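A.B. asks: Construct the entire structure; sequences and hints are all you get.
In my numbering, the protein residues as written are 2 to 378.
The hints are simulated quantities; they were obtained by calculation from the structure and are not laboratory data.
Any given hint could be a false lead.
The calculated SDA-like cross-link candidates involving lysine to any residue, where the alpha carbons are at most 20 Å apart (straight line), are [stated by the list, open to error]:
id, residue 1, residue 2
1, K149, E73
2, K235, K293
3, K336, N285
4, K47, R37
5, K165, A358
6, K187, S197
7, K293, V246
8, K293, D22
9, K134, S177
10, K160, V100
11, K79, Q90
12, K163, A97
13, K231, S213
14, K134, N209
15, K293, P330
16, K231, R206
17, K190, R206
18, K293, G244
19, K149, Y202
20, K336, T284
21, K47, S310
22, K56, H347
23, K187, Q198
24, K290, K336
25, K163, S92
26, K134, H184
27, K165, G153
28, K293, E333
29, K293, G254
30, K231, G193
31, K163, I296
32, K56, Q354
33, K149, N209
34, K160, A97
35, K47, S92
36, K336, A346
37, K47, I296
Given the structure is predicted, the values throughout are model-derived calculations rather than measurements.
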Amino acid sequence: MVLYMAFRVIKVHMSPWTIIDQPRFSYRGLLIDTSRHYLPLPVIRKVIDSMTYAKLNVLHWHIVDTESFPLEIPSYPKLWNGAYSTSEQYSVADAAEIVSFAQKRGINVLAEIDVPGHALSWGTGYPSLWPSKDCQQPLDVSNEFTFKVIDGILSDFSKIFKFKFVHLGGDEVDTSCWTTTPHISKWLKKNGMNESQAYQYFVLRAQNLALSHGYEIVNWEETFNNFGNKLSRKTVVHNWLGGGVAQQVVASGLRCIVSNQDKWYLDHLDTTWQEFYANEPLTNITNLKQQKLVIGGEVCMWGERIDGSDIEQTIWPRAAAAAERLWTPYDELAKDPRQVTGRLAHFRCLLNQRGVAAAPLAGQGRAAPEANRGCFW
Numbered sequence: 002m003v004l005y006m007a008f009r010v011i012k013v014h015m016s017p018w019t020i021i022d023q024p025r026f027s028y029r030g031l032l033i034d035t036s037r038h039y040l041p042l043p044v045i046r047k048v049i050d051s052m053t054y055a056k057l058n059v060l061h062w063h064i065v066d067t068e069s070f071p072l073e074i075p076s077y078p079k080l081w082n083g084a085y086s087t088s089e090q091y092s093v094a095d096a097a098e099i100v101s102f103a104q105k106r107g108i109n110v111l112a113e114i115d116v117p118g119h120a121l122s123w124g125t126g127y128p129s130l131w132p133s134k135d136c137q138q139p140l141d142v143s144n145e146f147t148f149k150v151i152d153g154i155l156s157d158f159s160k161i162f163k164f165k166f167v168h169l170g171g172d173e174v175d176t177s178c179w180t181t182t183p184h185i186s187k188w189l190k191k192n193g194m195n196e197s198q199a200y201q202y203f204v205l206r207a208q209n210l211a212l213s214h215g216y217e218i219v220n221w222e223e224t225f226n227n228f229g230n231k232l233s234r235k236t237v238v239h240n241w242l243g244g245g246v247a248q249q250v251v252a253s254g255l256r257c258i259v260s261n262q263d264k265w266y267l268d269h270l271d272t273t274w275q276e277f278y279a280n281e282p283l284t285n286i287t288n289l290k291q292q293k294l295v296i297g298g299e300v301c302m303w304g305e306r307i308d309g310s311d312i313e314q315t316i317w318p319r320a321a322a323a324a325e326r327l328w329t330p331y332d333e334l335a336k337d338p339r340q341v342t343g344r345l346a347h348f349r350c351l352l353n354q355r356g357v358a359a360a361p362l363a364g365q366g367r368a369a370p371e372a373n374r375g376c377f378w
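C.D. replies: What follows is the structure, encoded as structure tokens:
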């Protein structure tokens, strides 16, 4: 028996007990977003520590987005110019330290670059990545430099992020800049593409670059909704728009991660822990082979409305309700959320006692306490 206690490992020989326990799903994730609001390294480490208490095992790091590009990319160092400031940046050493910290706690780090949309910040350092100065995203599909930069990022990622998956985004792509920018419009006509076909071309080319660096791919569900039969068979489709998509994905033979926004988005403060608990990833998926293609689920802590001061109370305890759903055998899950209340309230107190600012159960996310008594008995 090996016990992990804080930063010590204690071996207990001839242990007189046996623990039989295993997760229902292999992928049990939490997304953090460091583009909308920069999260200092100590905050990220605290989030990782808290994940271990709920047996979550994948930190999905949505590193960059439209708002900022905080990560150092040695192959293209000017990308770092897209950070909010020099004090709101992650060096290669910082990223490697986070990966190492997580791995020691049994957590993989899934790195994401969201392309071709959500990438305005890339052009701060390399303006030629924009379609034009006045029309700045999605990335310029007609420019070979765009794909050289993506290749460089993935090459640098492969030296740091050792998880078998990389997330390439692909959601919410407004292609109007491609058709209204003269040189891209000309390129589309030359190559016999409309804007939808160009979107497919971009995603598939980015996928091939990721495959060349040894990664399997995760893409947001719009890629499947638009050209699912063209995606690499090594694609995991990340469902977020709503129910029913996972059923379609696995019926096509692709793998799926469930994060439907009406149930498992932590920035939706009006979604209660009871709704988090009740969200079933295998809804309407009865075929056993197809059920195995749902590799798990993920709760998403998008960064528009949180920063390091309130991220913990926005994540917890609602994420723990989803974590129990992802770990526990289906037949052992509570059919009535009221059966979970006492256990989850106790878990919230354990988090508080360990220094995690988990919010009370009552009401919405980040709820205020209802009674005078706290968790520090």
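A.B. asks: Could you run down the list of hints and mark each one as holding or not?
C.D. replies: We went through each hint and held it up to the structure:
no.	hint	verdict
1	K149 with E73	holds, 16 Å
2	K235 with K293	holds, 15 Å
3	K336 with N285	holds, 17 Å
4	K47 with R37	holds, 19 Å
5	K165 with A358	violated, 32 Å
6	K187 with S197	holds, 15 Å
7	K293 with V246	holds, 15 Å
8	K293 with D22	holds, 19 Å
9	K134 with S177	holds, 14 Å
10	K160 with V100	holds, 11 Å
11	K79 with Q90	holds, 13 Å
12	K163 with A97	holds, 10 Å
13	K231 with S213	holds, 18 Å
14	K134 with N209	violated, 29 Å
15	K293 with P330	holds, 14 Å
16	K231 with R206	holds, 11 Å
17	K190 with R206	holds, 19 Å
18	K293 with G244	holds, 18 Å
19	K149 with Y202	holds, 15 Å
20	K336 with T284	holds, 14 Å
21	K47 with S310	holds, 12 Å
22	K56 with H347	holds, 16 Å
23	K187 with Q198	holds, 15 Å
24	K290 with K336	violated, 25 Å
25	K163 with S92	holds, 17 Å
26	K134 with H184	holds, 13 Å
27	K165 with G153	holds, 18 Å
28	K293 with E333	holds, 19 Å
29	K293 with G254	holds, 10 Å
30	K231 with G193	holds, 18 Å
31	K163 with I296	holds, 19 Å
32	K56 with Q354	holds, 18 Å
33	K149 with N209	holds, 13 Å
34	K160 with A97	holds, 9 Å
35	K47 with S92	holds, 19 Å
36	K336 with A346	holds, 18 Å
37	K47 with I296	violated, 26 Å
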